[in-house]
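Enquirer: Chains as they are written, first to last, in my numbering: chain A, 1 to 410; chain B, 1001 to 1956; chain C, 2001 to 2092.
Take these hints with a grain of salt, some might be off.
To be verified - Derived lysine-lysine pairs resembling BS3-like cross-links, with alpha carbons at most 30 Å apart:
1) B:Lys1751 with A:Lys262
2) A:Lys59 with B:Lys1125
3) A:Lys24 with A:Lys92
As the list claims (entries may be wrong) - Residues on chain B that point at chain A, a partial pick, calculated with CB under 7 Å:
4) Thr1154
5) Tyr1242
6) Val1322
7) Leu1832
8) Glu1891
9) Ile1895
Stated by the list, open to error - Cβ-to-Cβ under 8 Å is the rule here; a few derived chain C residues that face chain B:
10) Met2001
11) Leu2002
12) Arg2003
13) Cys2006
14) Cys2009
15) Arg2018
16) Arg2026
17) Pro2027
18) Leu2039
19) Arg2056
20) Cys2059
21) Asn2072
22) Trp2080
23) Pro2082
These are calculated hints, taken from the structure and not from any lab test.
Being a predicted model, the structure only gives us computed values, none of them experimental.
The C-beta atom is built at its ideal place from N, Cα and C for all residues, glycine as well.
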Amino acid sequence: MSLKLLRQGLGRRPSRMWHDRPLKDHYRVVIIGGGAHGLACAYYLARDHGITDVAVLDKSYIGSGGSGRNTAILRANYLTPEGVHFYDASIKLYEELSRDLDFNVMFSQRGHLTLAHNDGSVRTMRRRAEVNRIEGVDSRLVFPDELARICPQLDLSPAPRFPILAALYHPPGGIIRHDAVVWGYARGADRRGVDIHQYTEVTGIDTANGAVTGVRTQRGIVSADIVLSATAGWSSNVTAMVGLELPLDTIPLQACVTEPLKPFLDVVIVSGSLHVYVSQSDRGELVMGASVDPFASYSMAGSLDFMESLAGHVLELFPFLSKARILRQWAGLCEMPPDYSPLMGVTPVDGFLLDAGWGTYGFKASPICGKAMAELIATRRTPDLIYPFRLSRFAEFDQVGEKGAASVGH
Amino acid sequence: MSGRRIEPQPGETIDRGCTVRFRFDGRQLEGYAGDTIASALTAAGVQVLSRSFKYHRPRGLLCGAGHCPNCLVQVGDEPNVRACRRPIEEGMEVAPQNVWPSLQYDAMALTELVSRFLPVGFYYKTFIRPAAMWPLYEHVLRNAAGLGAIDETTTVGGDFDKEYLHADVAVIGGGPAGLSAAVAAVEQGARVLLLDENKTLGGHLRFSGDGDDGRTRVGAWRESLGKGGATVLTQTAVIGHYQNHWLSAVRGNRLYKIRAAGVVVATGAFEIPMVFDGNDRPGVLLGTAVQRLIRLHGVAPGRRAVVVTASDAGWDVATDLVQAGVEVAAIADERPGQHADQRIDTTETQVLHGHTIGAAHGRSAVRAAVLVPVDGDGPWHTVDCDLIAVSTGWNPSLELAYLAGARSRYDEDLGEMRLQAVPDGLFLAGRVAGPGGLEDDVRQGDDAGHAAAEWARGGSKETGTTAAGQRTPAAPTGGRSSALVAAPPTGHDKRFVCYCEDVTDVDINTALLEGYDRIELLKRYSTLGMGPCQGRMCGLQGIRHCARDTDTSVADTGRTTARPPVTPVSLGALAGQRMEPVYLSALHDWHVQQGASMMIAGPWLRPEHYGDPVAEVGAVRQTVGLIDVSPLGKLQLTGPGVATMLERLYVNQWQDLRRGRVRYGMMCNDEGIVLDDGVCARLSEEEWYVSTTSTGAAGALEWMEWWRQSGWGEGVHITDMTETFAAFNLAGPRSREVLQQLTERDLSKAKFPYMRARRAEVAGVPCLLLRIGFTGELSYEIHCPAGFGRYLWETLVEAGGSFGLRPFGVEAQRVLRLEKAHLIVGQDTDALSDPIAADAAWAVRLDKGDFLGKRALTRVSSEGPRQRLVGFRTGRRVDALREGLQIVDAERRIIGWISSCRHSPTLDETLGLCWLPADMAAREQSTFTVFVAGRLEAAQVHHGPFYDPEGARLRS
Amino acid sequence: MLRIDCPNCGARNAAEFRYAGEYNPRPTQADDDEWIRYLYLRRNRMGVQVEWWYHRSGCGTWFLVERDRRSNEISRIMRWQPGVAETGSLSA
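Bound conformation, chain A alone:
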């Protein structure tokens, strides 16, 4: 048992994770968005570069956007070498994150299976497995005999409409406690002097001579040398404040959980053909999701269609679950870029930086994106790791093609 718990058990008052401090009128760096990305960037700015004159602003509570709405699946088995390098670096940071933050983020590397139900998917899975292997990521194609050992609960018979032919098996993949990542970064940043301002909405961004000068909030005007937008889901609305349009369409992504069940499913299961992914949390709930909604919206009300089709598809994989009950459904917002790869780095506005376009794959990238953006802010040089994801790649016709692998990329 940890000393902290012992002390707390013996009556010591627990310490605060973060503090409400007054909003200053100037910060060297203002980060819009108090999700895992924004807070990670603040944390690494302070930890790695000694930059602590930083404010993280969120219009709601921390982690209220995508960070608290995703299904917390981590993996690095991407299709392009650029994607694999980037997400593998993220997984490596996640593997050390509990120690680094001294806060258990409960990263559970119980393996990740992407099922293939037709020969085209088998081909794509082999392509991913090969790219992963060459780039040093543990990932391989497995067939029903081995699948039966990895996940004996799957219906591997030819009975379903889309029988399982093979799967991409990625042992380092798994699930994490998403809120804990947000809180751990927030505490780490707060302790190093970063100000976290919840319920502080940015209503405008000021520029002069093509350079950013600060932000306006409902609590007052804040000047800043650097402004970073880390507001995935809502990015187009933030960049509109500096007259910038982005190659994004914001589409809800829904998920749901069942009532707690005794644990039976260890690995994370993803099926692109069936548009579904399932994992079982440490609380016993099945956490399930699908592909993004059929139309763009900022409404997070959720739909019955989603639940109906999801249920049908989950039962294709696990026919014995028909009596398990859905407890709650919710939605988050995904801003989808044309090539299903993120937008990171500089913009045409000096000092205004972008951390956007996170589609359905943003949470996985939180540590590495935060770290890379912190390096960019501190050194004013785009790190090689994120150069392929620059905003200007569209005008340069140099996209990163993750689209083929990411129809349900969880």
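Following the hints, complete the assembly by docking chains B and C onto the known chain A.
Expert: Quick look at chains B and C alone, frame taken from chain A:
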């Protein structure tokens, strides 16, 4: 039966003439038809039904209304069944949940002894080092998780189905407000649908108030509804409200999807528990749970009771208890002063005003109640009892209204959430809109029913609107909620705010001190309200605690977002009959009869092969083969504008295509990305026949229609023939001879050469013949009405018998096309491939007018592509080469990949298509290396078809 | 479920339709910046936007929908005609 069963009650729902036997925790028990599991168990004297989530404390019936987690049991292979709602059935096997080794002695209950070291969120603060130990810790945590168990061997989950319903006015809730609303709407001529989750209508009138009068009135309403033709569904729980009044409801195994013009929400209110020491002990019941047991099931849940209340509601409960023969030892009424009630004999019952409950004593059953002054000033009274009925707080059932977009705000005077605004077409009536008496409910229901019917007719919402503000909160006779956040602590036991997750008031206080001081953060960190009741029992208490400890008003603290479903719903009900659509060709049965191995191709099932794909390839190359290509997209385009439109949609040229001719076509978007390919045949000046890929058929049609309908389709009509026509390809050097037997049309090379289209009767069937093919052999694509498909196919097979005709499948076709180095869109191209890079530059006519992709392709053409699709060969058989393998350079950096690869039986070598850097691809015979499981395999670049490069055979 | 008034068939469930993105007319004349904007950039704002929908499981009509992306409330339905989204003239 046991002594807990009392004399028959006038409104009871059990049939005392029908005994039902069931088992609980291995014990054989009996109840009556109409009993719930919980009422039968209570009658049998069983109080402990399950153990709790974290501390494994014994738990028993609490709310009796299907909300709280305390009576969740396992019924056969079904986990997490609410025992207070599920009727017993003969032979039912009921088991407690979350117990090990048994309900009485649970090893995990030891966690409570060390609970001071397992505070809220303890798992975030420990198990951090050493890293290697975390999987072990997690294993332990994980095995302690969950409630009910899933039987992984069950495969059949019951007969689930779905039904659509439509209504002018849907009324949710069959209590007095809902019934009068439904009657009013019916009288207005509306099509009314009334939904209620209980077996019988009447809402709280079934178990409270003057039973006889209530039953009479419910009977009258019911009769009016019957006369008015309303649809009444009982035992139907409305679980969701989605956009434009789209409701979901569940009754047994059936999911209803309901579209209503107007919706009346008359869902009433539910009782919530009080926070005091040991408030989870079996024997602590909410007042309405006691009333339900007595009046609906004829069961007395105890022998000696203490009643705790903050309103007259508790006195009603006490009265019911007395009438049921239960001794009411004491009543603690939070209100100061003397609330005398004639129904209670104060010589028998100790009445303590200004008092509430401080603690429940007992472990697996309540032994005594400690009653304390509300202000903490004065002596405590310990009263022996085996039942504590708590009737201190209500919460309006606003969940559906919230899902529909209604807003509320906490009302300090009422001690509950109060409606602020409702969206169009939504009307609230009765207790859900605020406290009131029965006559208020009825009048308001009447108003709401009128207004909803008016709305459904297209009228204004304002006429007779039933907004929250209009409800008089005066003199609530039912339940006024307690003003207390929690009872004064006595220090005896844990005080649970959230029963689902075992969250105590100390946990909440700790979480707030740690900085989780916004209600949403508090919920996520403490897990308050995240369990099976979804915050129904604890939500308001959590908000009150948060508000008190952060010096914020309850109203400003807000509430967590309501999310569907309102009550948990099974995957089976949501999935229904699980009808996954499948497209079958007109020849499907024939393929199956011939032993074809079927494969999934988009929405279609297609023959992959008929047992021997190599022999199938051989037949096509040497004699003749026949393949079913019915899944091809088939479009008929007519009108004077077709050629002009095709010029803009395709990269190829069309104006010059003469009648009776066919040309390959490729479509791109404005990014220059390949979308689809196929052929276009010009049948007459204004009549074209266009094919698309099989899997891209629907998308290609939508794409063409889009441009047609947005300015480029002047004089063009498109008819989708995909499912109307069957199509086959007869391929091989003997194909002409086979086909000529069946048609009078001259098939000679001179009369019907390569890339021509002809109409012809084949075996009496009107057909369109295209002299094209993917295989590189002389071949005819035969399109005919799908109804003739099987006849014509069988006739062709028979006619080809003497020539050695074999049917061939997709696998043979892939080999055949690869020998010709033809690409497959979607396999050899992806979301970033343009035709110039994909080795189809020959099809692109940059010298014609504007077309989709022209600007991009002009740029690619001048800059040159970075990567190119190109053929490769190996000169030998290399089975290790597979599609998806990566091509690497000397430093093992990825420079390309293999998109198609097969062993060619014709050429006896492994060959394929791959993506390479453009400069490498340009050099014929240049060698590159493929990464194969750690080894490297060499292959050489090859330009053009591998087989018959001049194309002599297909032109023959 | 959202209900959409197909200009041809009347009110139907949204599941019958396919959403096809913001109304983004193809420029006839455009410099490189304008062309990149047409190809990739989108307004994607919280608020009212005009977008394309297709009655996939129905009559096959493509039409324009003016919808508030916060609430999904639909304010106008238009058949396409030159300049329709700009002038906002409603189809009969």
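Enquirer: A separate judgement is required for each hint: does it hold in the structure or not?
Expert: Comparing the hints with the structure gives:
1. B:Lys1751 with A:Lys262: violated (73 Å)
2. A:Lys59 with B:Lys1125: Cα-Cα ~28 Å, so holds.
3. A:Lys24 with A:Lys92: violated (35 Å)
4. Thr1154: holds (4 Å)
5. Tyr1242: Interface hint status for tyrosine 1242 of chain B: holds (5 Å vs cutoff 7 Å).
6. Val1322: Violated, because the Cβ-Cβ distance from valine 1322 of chain B to chain A comes to roughly 38 Å (cut-off 7 Å).
7. Leu1832: With a closest approach of 4 Å, the leucine 1832 of chain B hint holds.
8. Glu1891: violated (11 Å)
9. Ile1895: Isoleucine 1895 of chain B check fails; min Cβ-Cβ to chain A is 10 Å, beyond 7 Å.
10. Met2001: Where the cut-off is 8 Å and the nearest Cβ of chain B is about 4 Å from methionine 2001 of chain C, the hint holds.
11. Leu2002: holds (5 Å)
12. Arg2003: holds (4 Å)
13. Cys2006: violated (13 Å)
14. Cys2009: violated (15 Å)
15. Arg2018: Arginine 2018 of chain C check passes; min Cβ-Cβ to chain B is 7 Å, inside 8 Å.
16. Arg2026: Since chain B brings a Cβ to about 7 Å from arginine 2026 of chain C, closer than 8 Å, the hint holds.
17. Pro2027: Constraint on proline 2027 of chain C not satisfied, violated at 10 Å.
18. Leu2039: holds (6 Å)
19. Arg2056: With a closest approach of 7 Å, the arginine 2056 of chain C hint holds.
20. Cys2059: violated (10 Å)
21. Asn2072: holds (6 Å)
22. Trp2080: holds (5 Å)
23. Pro2082: Hint holds; proline 2082 of chain C Cβ to chain B Cβ min 7 Å, cut 8 Å.
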